[in-house]
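Based on the provided sequences and hints, a complete structural model is requested.
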Amino acid sequence: MRSRLSELTPGKMSDEQQRVLDAILSGPRGNLDGPFLAWIHSPGLADPAQALGAYCRYHTSMPLRLSELAILVTASWWQSQAEWQIHEPIARRAGIVDPVIDALRLGSAPVFERADEQLVYQIGCTLYQTKRIDDALYHRAIAEFGEPALVELVGIFGYYALVAMTLNVFEVRRDGAPELPFTEPG
45 MRSRLSELTP GKMSDEQQRV LDAILSGPRG NLDGPFLAWI HSPGLADPAQ ALGAYCRYHT
105 SMPLRLSELA ILVTASWWQS QAEWQIHEPI ARRAGIVDPV IDALRLGSAP VFERADEQLV
165 YQIGCTLYQT KRIDDALYHR AIAEFGEPAL VELVGIFGYY ALVAMTLNVF EVRRDGAPEL
225 PFTEPG
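Residue numbers for the sequence shown follow the working numbering, so the first one is 45 and each next one is one higher.
FYI, nobody ran anything at the bench for these hints, they're computed from the structure.
Some hints could be false.
For each label pair, taking beta carbons as the anchor points, the in silico distance ranges come out as [said to hold, decoys possible]:
{"no.": "1", "residue 1": "E157", "residue 2": "L89", "range": "36 to 46 Å"}
{"no.": "2", "residue 1": "R63", "residue 2": "A153", "range": "36 to 46 Å"}
{"no.": "3", "residue 1": "P222", "residue 2": "P107", "range": "25 to 35 Å"}
{"no.": "4", "residue 1": "Y172", "residue 2": "E215", "range": "16 to 26 Å"}
{"no.": "5", "residue 1": "A180", "residue 2": "A95", "range": "26 to 36 Å"}
Even for Gly, the Cβ is constructed at its ideal location relative to N, Cα and C.
Here it is as structure tokens:
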């Protein structure tokens, strides 16, 4: 991965940066991919952010298929190149079908075969567009997922919006990626 930030090497890192780096490398990710490339510059942000990210990615009650769909909805909304590049193959392996992935990348409304996927998409789009969800959508989500999972789903959307903004501002990119999934603005 590369970014517009200065590279931190072992000799240039503070003790706190090294501590956070060691925690990230020994955790479930095992690498300094994605936003961590930027966040390591601020250990006070990196530490709690990586813990929240580990929870949102690996420990919620949402099935991987639905959490990865929420991440792709977020990556599409923010047109986050690296977030899409990292999570599109994971979403595909988790069961999100090609037509849905293609529609999301193109900014089109996908046609879903599964009602739970349609609901995650609708929650994400409504939340991003209106900054709220109305009572009808809320009650559908509670009936489908339950309160704890809906809280976690909102956390996934929020966390990955932070990730997308970080990746966009610092132009984090995957080395050797064939082409960017979204057209760069301007």
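| Structure versus earlier hints, numbers of those that do not hold, lowest first | none
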